[in-house]
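Construct the complete structure from the given sequences, taking the supplied hints into account.
Quick note: the sequence shown uses our numbering, first residue 1375, plus one each step.
If you are wondering where the hints come from, they were derived from the structure by calculation, not from laboratory data.
Any given hint could turn out to be false.
[Said to hold, decoys possible] With a straight-line cut-off of 30 Å between C-alpha atoms, the simulated DSSO-like cross-links for lysine-lysine are:
hint, residue 1, residue 2
1, Lys1418, Lys1627
2, Lys1628, Lys1564
3, Lys1559, Lys1660
4, Lys1564, Lys1658
5, Lys1590, Lys1475
6, Lys1418, Lys1445
7, Lys1586, Lys1544
8, Lys1472, Lys1604
9, Lys1564, Lys1604
10, Lys1658, Lys1440
11, Lys1658, Lys1638
12, Lys1627, Lys1445
13, Lys1621, Lys1564
14, Lys1603, Lys1537
15, Lys1537, Lys1590
16, Lys1603, Lys1559
17, Lys1443, Lys1660
18, Lys1586, Lys1418
19, Lys1405, Lys1417
20, Lys1638, Lys1628
21, Lys1660, Lys1445
22, Lys1544, Lys1495
23, Lys1638, Lys1618
24, Lys1544, Lys1505
25, Lys1418, Lys1628
26, Lys1603, Lys1618
27, Lys1537, Lys1559
28, Lys1493, Lys1483
29, Lys1475, Lys1604
30, Lys1475, Lys1603
31, Lys1493, Lys1537
32, Lys1537, Lys1483
33, Lys1417, Lys1443
34, Lys1559, Lys1658
35, Lys1537, Lys1418
36, Lys1603, Lys1472
37, Lys1472, Lys1483
38, Lys1472, Lys1559
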Amino acid sequence: MKFLGITKENVQKTDINCFNDLPDSPNVTAKDLLNLNKTYNRKKYTHVRLSELAVFCPREYVLGYKYGKVKEAFTEYPLMQQFELGSALHFWYQNFSKVFKDVLYGYWKCWACGNLRGKDKPFFGTRQEVKTFSCEHCGANPDATFYHEFYFRVDEPYRVVGKIDGFIMKDNELYIIDFKTFFEKGEFPKPQDKIQLAGYMFFYDLLPDELKVPYKVNTSAGYLYYISKKFNYRDSILAYEVQKEDKLIEPIKKNVGMFTRGVKEGIIPEPFDICIRSGWSRGKAKNCYLRDLCRQEYEASLHI
1375 MKFLGITKEN VQKTDINCFN DLPDSPNVTA KDLLNLNKTY NRKKYTHVRL
1425 SELAVFCPRE YVLGYKYGKV KEAFTEYPLM QQFELGSALH FWYQNFSKVF
1475 KDVLYGYWKC WACGNLRGKD KPFFGTRQEV KTFSCEHCGA NPDATFYHEF
1525 YFRVDEPYRV VGKIDGFIMK DNELYIIDFK TFFEKGEFPK PQDKIQLAGY
1575 MFFYDLLPDE LKVPYKVNTS AGYLYYISKK FNYRDSILAY EVQKEDKLIE
1625 PIKKNVGMFT RGVKEGIIPE PFDICIRSGW SRGKAKNCYL RDLCRQEYEA
1675 SLHI
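What follows is the structure, encoded as C-alpha coordinates:
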(Lines of atoms letter the chains of each structure in order from A and count residues from 1; the text may use other names and numbers.)
(Lines give C-alpha, C1' and ligand atoms only; values in the text may rest on other atoms or scores of the structure.)
Protein backbone atom coordinates (compact mmCIF):
# COMPACT_ATOMS: atom_id res chain seq x y z
CA MET A 1 0.00 0.00 0.00
CA LYS A 2 1.30 3.40 -0.93
CA PHE A 3 0.84 5.99 1.80
CA LEU A 4 0.23 9.64 1.14
CA GLY A 5 3.12 11.93 1.92
CA ILE A 6 2.92 14.09 5.00
CA THR A 7 4.19 17.56 5.70
CA LYS A 8 5.12 19.49 8.80
CA GLU A 9 4.50 22.87 7.23
CA ASN A 10 2.48 25.26 9.37
CA VAL A 11 -0.96 26.10 8.10
CA GLN A 12 -2.02 29.69 8.55
CA LYS A 13 -5.33 30.22 10.35
CA THR A 14 -6.58 32.19 7.39
CA ASP A 15 -6.08 29.12 5.19
CA ILE A 16 -8.18 26.72 7.25
CA ASN A 17 -11.19 27.24 4.99
CA CYS A 18 -9.17 27.45 1.79
CA PHE A 19 -11.11 24.53 0.26
CA ASN A 20 -14.21 26.70 0.25
CA ASP A 21 -12.64 28.73 -2.54
CA LEU A 22 -12.00 25.80 -4.87
CA PRO A 23 -13.79 26.12 -8.24
CA ASP A 24 -16.40 23.45 -7.45
CA SER A 25 -17.06 24.40 -3.81
CA PRO A 26 -20.64 25.32 -2.82
CA ASN A 27 -19.40 28.72 -1.63
CA VAL A 28 -18.05 29.64 -5.05
CA THR A 29 -21.12 28.26 -6.78
CA ALA A 30 -23.37 30.34 -4.53
CA LYS A 31 -21.33 33.48 -5.28
CA ASP A 32 -21.62 32.76 -9.02
CA LEU A 33 -25.40 32.31 -8.90
CA LEU A 34 -26.49 34.73 -6.19
CA ASN A 35 -25.95 38.31 -5.07
CA LEU A 36 -24.03 37.84 -1.82
CA ASN A 37 -22.39 41.24 -1.91
CA LYS A 38 -22.30 43.54 1.08
CA THR A 39 -25.41 45.64 1.65
CA TYR A 40 -24.90 49.39 1.65
CA ASN A 41 -26.63 51.30 4.45
CA ARG A 42 -26.96 55.02 5.04
CA LYS A 43 -28.56 56.87 7.95
CA LYS A 44 -29.25 60.56 8.42
CA TYR A 45 -29.18 62.17 11.85
CA THR A 46 -32.55 63.89 11.56
CA HIS A 47 -34.60 61.78 13.98
CA VAL A 48 -33.82 59.18 16.64
CA ARG A 49 -34.83 55.70 15.56
CA LEU A 50 -36.73 54.00 18.36
CA SER A 51 -34.88 50.77 17.60
CA GLU A 52 -31.70 52.59 18.74
CA LEU A 53 -33.02 54.06 21.99
CA ALA A 54 -30.81 51.87 24.17
CA VAL A 55 -27.56 52.66 22.35
CA PHE A 56 -27.77 56.02 20.58
CA CYS A 57 -25.57 58.94 21.63
CA PRO A 58 -27.31 62.36 21.84
CA ARG A 59 -24.03 64.17 21.10
CA GLU A 60 -23.39 62.13 17.95
CA TYR A 61 -26.90 62.86 16.71
CA VAL A 62 -26.68 66.59 17.39
CA LEU A 63 -23.30 66.83 15.63
CA GLY A 64 -24.60 64.72 12.75
CA TYR A 65 -27.63 66.96 12.37
CA LYS A 66 -25.62 70.19 12.71
CA TYR A 67 -23.14 69.23 9.98
CA GLY A 68 -25.55 67.29 7.77
CA LYS A 69 -23.66 64.05 8.17
CA VAL A 70 -24.85 60.73 6.77
CA LYS A 71 -23.68 57.52 8.41
CA GLU A 72 -22.56 55.06 5.74
CA ALA A 73 -21.78 51.42 6.37
CA PHE A 74 -21.73 48.01 4.72
CA THR A 75 -23.28 44.85 6.16
CA GLU A 76 -21.74 41.50 5.25
CA TYR A 77 -24.24 39.00 3.86
CA PRO A 78 -24.01 36.45 6.75
CA LEU A 79 -25.22 39.15 9.15
CA MET A 80 -27.73 40.52 6.66
CA GLN A 81 -29.10 37.00 6.29
CA GLN A 82 -29.95 36.97 10.00
CA PHE A 83 -31.78 40.28 9.63
CA GLU A 84 -33.67 38.93 6.62
CA LEU A 85 -34.65 35.76 8.45
CA GLY A 86 -36.02 37.87 11.28
CA SER A 87 -37.99 40.05 8.86
CA ALA A 88 -39.34 36.96 7.10
CA LEU A 89 -40.59 35.52 10.38
CA HIS A 90 -42.26 38.83 11.26
CA PHE A 91 -43.98 38.88 7.87
CA TRP A 92 -45.12 35.27 8.19
CA TYR A 93 -46.66 35.73 11.62
CA GLN A 94 -48.40 38.94 10.58
CA ASN A 95 -49.84 37.56 7.35
CA PHE A 96 -50.09 33.77 7.39
CA SER A 97 -49.62 32.09 10.76
CA LYS A 98 -52.79 31.13 12.61
CA VAL A 99 -51.11 32.25 15.85
CA PHE A 100 -52.14 35.91 15.36
CA LYS A 101 -55.03 35.38 12.96
CA ASP A 102 -57.81 36.69 15.21
CA VAL A 103 -55.94 38.93 17.63
CA LEU A 104 -53.45 40.96 15.56
CA TYR A 105 -54.89 44.35 14.61
CA GLY A 106 -53.53 46.89 12.17
CA TYR A 107 -53.74 48.55 8.78
CA TRP A 108 -53.60 46.47 5.59
CA LYS A 109 -52.27 47.28 2.13
CA CYS A 110 -53.22 45.96 -1.29
CA TRP A 111 -50.02 45.13 -3.13
CA ALA A 112 -51.88 45.10 -6.46
CA CYS A 113 -52.66 48.83 -6.43
CA GLY A 114 -50.56 50.05 -3.51
CA ASN A 115 -53.44 51.55 -1.52
CA LEU A 116 -54.33 50.98 2.09
CA ARG A 117 -57.44 48.84 2.36
CA GLY A 118 -60.66 50.63 3.28
CA LYS A 119 -63.24 52.55 1.29
CA ASP A 120 -63.72 55.96 2.91
CA LYS A 121 -60.88 55.64 5.43
CA PRO A 122 -58.10 53.10 6.04
CA PHE A 123 -59.43 49.86 7.47
CA PHE A 124 -58.02 48.94 10.89
CA GLY A 125 -58.75 45.41 12.02
CA THR A 126 -57.73 41.77 11.82
CA ARG A 127 -56.50 39.62 8.96
CA GLN A 128 -59.62 37.48 9.19
CA GLU A 129 -61.82 40.54 8.63
CA VAL A 130 -59.91 42.13 5.75
CA LYS A 131 -59.51 38.83 3.88
CA THR A 132 -63.28 38.41 3.48
CA PHE A 133 -63.64 41.00 0.70
CA SER A 134 -61.72 42.23 -2.34
CA CYS A 135 -59.77 45.49 -2.54
CA GLU A 136 -62.09 48.52 -2.49
CA HIS A 137 -59.82 50.43 -4.88
CA CYS A 138 -58.89 47.97 -7.63
CA GLY A 139 -60.97 44.85 -6.94
CA ALA A 140 -57.91 42.64 -6.45
CA ASN A 141 -58.30 39.32 -4.68
CA PRO A 142 -57.80 39.66 -0.90
CA ASP A 143 -54.79 37.36 -1.25
CA ALA A 144 -52.98 40.47 -2.55
CA THR A 145 -53.51 42.20 0.81
CA PHE A 146 -50.73 42.25 3.42
CA TYR A 147 -50.13 43.73 6.85
CA HIS A 148 -48.91 47.35 6.89
CA GLU A 149 -46.84 48.18 9.96
CA PHE A 150 -47.67 51.38 11.82
CA TYR A 151 -45.07 54.04 10.98
CA PHE A 152 -44.61 57.52 12.40
CA ARG A 153 -42.08 60.36 12.16
CA VAL A 154 -42.55 63.51 14.26
CA ASP A 155 -40.57 66.63 15.20
CA GLU A 156 -42.55 67.63 18.29
CA PRO A 157 -42.27 67.31 21.20
CA TYR A 158 -39.41 64.91 20.39
CA ARG A 159 -37.69 64.21 17.07
CA VAL A 160 -38.27 60.47 16.67
CA VAL A 161 -39.14 57.92 14.01
CA GLY A 162 -40.54 54.47 14.66
CA LYS A 163 -42.30 51.50 13.13
CA ILE A 164 -44.52 49.37 15.36
CA ASP A 165 -44.74 45.66 14.52
CA GLY A 166 -48.36 45.35 15.53
CA PHE A 167 -51.24 45.78 17.96
CA ILE A 168 -52.83 42.89 19.81
CA MET A 169 -56.27 42.64 21.39
CA LYS A 170 -56.28 41.30 24.95
CA ASP A 171 -59.31 41.42 27.24
CA ASN A 172 -61.00 43.88 24.85
CA GLU A 173 -58.06 46.28 25.01
CA LEU A 174 -55.46 47.03 22.37
CA TYR A 175 -51.75 46.78 23.22
CA ILE A 176 -48.53 47.50 21.30
CA ILE A 177 -46.36 44.48 20.49
CA ASP A 178 -42.84 44.00 19.17
CA PHE A 179 -41.35 40.90 17.52
CA LYS A 180 -37.84 39.63 18.22
CA THR A 181 -36.14 36.50 16.90
CA PHE A 182 -33.48 34.29 18.48
CA PHE A 183 -31.42 31.12 18.04
CA GLU A 184 -30.61 30.41 21.67
CA LYS A 185 -32.83 31.36 24.58
CA GLY A 186 -31.15 34.03 26.68
CA GLU A 187 -32.02 36.32 29.55
CA PHE A 188 -35.35 37.47 28.17
CA PRO A 189 -36.71 40.04 27.96
CA LYS A 190 -33.50 41.84 27.02
CA PRO A 191 -33.02 45.34 28.52
CA GLN A 192 -32.61 46.98 25.10
CA ASP A 193 -35.83 45.35 23.88
CA LYS A 194 -37.75 46.58 26.93
CA ILE A 195 -36.43 50.10 26.33
CA GLN A 196 -37.49 50.00 22.68
CA LEU A 197 -41.02 48.81 23.50
CA ALA A 198 -41.33 51.33 26.34
CA GLY A 199 -40.31 53.99 23.81
CA TYR A 200 -43.07 52.90 21.44
CA MET A 201 -45.63 53.21 24.24
CA PHE A 202 -44.35 56.58 25.45
CA PHE A 203 -44.04 58.28 22.07
CA TYR A 204 -47.30 56.83 20.77
CA ASP A 205 -49.11 58.65 23.58
CA LEU A 206 -47.59 61.93 22.37
CA LEU A 207 -48.76 61.58 18.77
CA PRO A 208 -51.51 63.92 17.52
CA ASP A 209 -54.90 62.21 17.49
CA GLU A 210 -55.01 62.26 13.67
CA LEU A 211 -51.89 60.06 13.55
CA LYS A 212 -53.12 57.49 16.07
CA VAL A 213 -55.04 54.34 15.22
CA PRO A 214 -58.86 54.55 15.50
CA TYR A 215 -58.94 52.27 18.57
CA LYS A 216 -57.87 53.37 22.03
CA VAL A 217 -54.50 51.79 22.87
CA ASN A 218 -53.61 50.80 26.43
CA THR A 219 -50.04 52.06 26.72
CA SER A 220 -49.51 51.16 30.35
CA ALA A 221 -47.99 47.89 29.13
CA GLY A 222 -46.92 46.15 25.93
CA TYR A 223 -45.79 42.70 24.83
CA LEU A 224 -42.50 41.35 23.51
CA TYR A 225 -42.67 38.19 21.41
CA TYR A 226 -39.46 36.20 21.02
CA ILE A 227 -39.69 33.80 18.07
CA SER A 228 -37.18 30.97 17.69
CA LYS A 229 -35.33 30.68 14.38
CA LYS A 230 -34.87 26.94 14.88
CA PHE A 231 -37.08 24.00 15.88
CA ASN A 232 -37.84 24.12 19.57
CA TYR A 233 -40.61 22.25 21.40
CA ARG A 234 -40.64 24.32 24.58
CA ASP A 235 -39.55 27.78 23.45
CA SER A 236 -40.82 28.20 19.89
CA ILE A 237 -42.46 31.51 20.82
CA LEU A 238 -42.19 33.35 24.13
CA ALA A 239 -44.23 36.33 25.31
CA TYR A 240 -43.30 38.89 27.97
CA GLU A 241 -45.32 41.76 29.35
CA VAL A 242 -43.37 45.02 29.66
CA GLN A 243 -44.66 47.78 31.91
CA LYS A 244 -44.17 51.43 30.94
CA GLU A 245 -42.13 52.14 34.05
CA ASP A 246 -40.48 55.44 34.96
CA LYS A 247 -37.07 53.76 35.20
CA LEU A 248 -37.35 52.95 31.49
CA ILE A 249 -39.00 56.18 30.38
CA GLU A 250 -36.92 58.79 32.21
CA PRO A 251 -33.59 57.95 30.46
CA ILE A 252 -35.43 57.94 27.13
CA LYS A 253 -36.89 61.39 27.77
CA LYS A 254 -33.51 62.70 28.91
CA ASN A 255 -31.46 61.43 25.95
CA VAL A 256 -33.98 62.11 23.19
CA GLY A 257 -34.69 65.46 24.83
CA MET A 258 -31.01 66.42 24.61
CA PHE A 259 -31.02 65.69 20.88
CA THR A 260 -34.27 67.56 20.27
CA ARG A 261 -33.03 70.62 22.18
CA GLY A 262 -29.73 70.41 20.35
CA VAL A 263 -31.55 70.68 17.03
CA LYS A 264 -33.74 73.57 18.18
CA GLU A 265 -31.22 75.58 20.20
CA GLY A 266 -27.86 74.42 18.85
CA ILE A 267 -26.75 73.09 22.25
CA ILE A 268 -24.27 70.24 21.83
CA PRO A 269 -24.37 67.69 24.69
CA GLU A 270 -21.11 66.93 26.49
CA PRO A 271 -19.20 63.75 25.53
CA PHE A 272 -19.46 60.73 27.81
CA ASP A 273 -16.73 60.63 30.48
CA ILE A 274 -15.36 57.33 29.18
CA CYS A 275 -14.92 58.85 25.72
CA ILE A 276 -12.88 61.73 27.14
CA ARG A 277 -10.82 59.63 29.56
CA SER A 278 -9.94 57.03 26.93
CA GLY A 279 -9.04 59.55 24.27
CA TRP A 280 -12.03 58.45 22.19
CA SER A 281 -10.86 54.83 22.06
CA ARG A 282 -13.36 53.13 24.38
CA GLY A 283 -17.05 53.12 25.23
CA LYS A 284 -19.40 54.43 22.57
CA ALA A 285 -16.49 56.26 20.94
CA LYS A 286 -14.88 52.99 19.93
CA ASN A 287 -17.42 52.43 17.14
CA CYS A 288 -18.71 55.99 16.78
CA TYR A 289 -19.06 57.10 13.16
CA LEU A 290 -18.41 60.75 14.14
CA ARG A 291 -15.63 60.05 16.64
CA ASP A 292 -13.08 62.39 15.04
CA LEU A 293 -15.59 65.21 14.67
CA CYS A 294 -16.72 64.72 18.27
CA ARG A 295 -13.16 64.97 19.54
CA GLN A 296 -12.38 68.03 17.43
CA GLU A 297 -15.47 69.83 18.68
CA TYR A 298 -14.65 68.99 22.29
CA GLU A 299 -11.03 70.12 22.04
CA ALA A 300 -12.10 73.33 20.29
CA SER A 301 -14.58 74.05 23.09
CA LEU A 302 -11.77 73.93 25.66
CA HIS A 303 -10.11 76.94 24.06
CA ILE A 304 -13.17 79.14 23.88
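Against the structure, the hints:
no. : hint               : result
1   : Lys1418 to Lys1627 : holds, 21 Å
2   : Lys1628 to Lys1564 : holds, 21 Å
3   : Lys1559 to Lys1660 : holds, 28 Å
4   : Lys1564 to Lys1658 : holds, 19 Å
5   : Lys1590 to Lys1475 : holds, 20 Å
6   : Lys1418 to Lys1445 : holds, 6 Å
7   : Lys1586 to Lys1544 : holds, 19 Å
8   : Lys1472 to Lys1604 : holds, 19 Å
9   : Lys1564 to Lys1604 : holds, 19 Å
10  : Lys1658 to Lys1440 : holds, 20 Å
11  : Lys1658 to Lys1638 : holds, 24 Å
12  : Lys1627 to Lys1445 : holds, 24 Å
13  : Lys1621 to Lys1564 : holds, 15 Å
14  : Lys1603 to Lys1537 : holds, 22 Å
15  : Lys1537 to Lys1590 : holds, 18 Å
16  : Lys1603 to Lys1559 : holds, 11 Å
17  : Lys1443 to Lys1660 : holds, 18 Å
18  : Lys1586 to Lys1418 : holds, 25 Å
19  : Lys1405 to Lys1417 : holds, 28 Å
20  : Lys1638 to Lys1628 : holds, 15 Å
21  : Lys1660 to Lys1445 : holds, 15 Å
22  : Lys1544 to Lys1495 : holds, 25 Å
23  : Lys1638 to Lys1618 : holds, 28 Å
24  : Lys1544 to Lys1505 : holds, 21 Å
25  : Lys1418 to Lys1628 : holds, 21 Å
26  : Lys1603 to Lys1618 : holds, 28 Å
27  : Lys1537 to Lys1559 : holds, 25 Å
28  : Lys1493 to Lys1483 : holds, 12 Å
29  : Lys1475 to Lys1604 : holds, 22 Å
30  : Lys1475 to Lys1603 : holds, 20 Å
31  : Lys1493 to Lys1537 : holds, 24 Å
32  : Lys1537 to Lys1483 : holds, 15 Å
33  : Lys1417 to Lys1443 : holds, 9 Å
34  : Lys1559 to Lys1658 : holds, 27 Å
35  : Lys1537 to Lys1418 : holds, 17 Å
36  : Lys1603 to Lys1472 : holds, 18 Å
37  : Lys1472 to Lys1483 : holds, 19 Å
38  : Lys1472 to Lys1559 : holds, 23 Å
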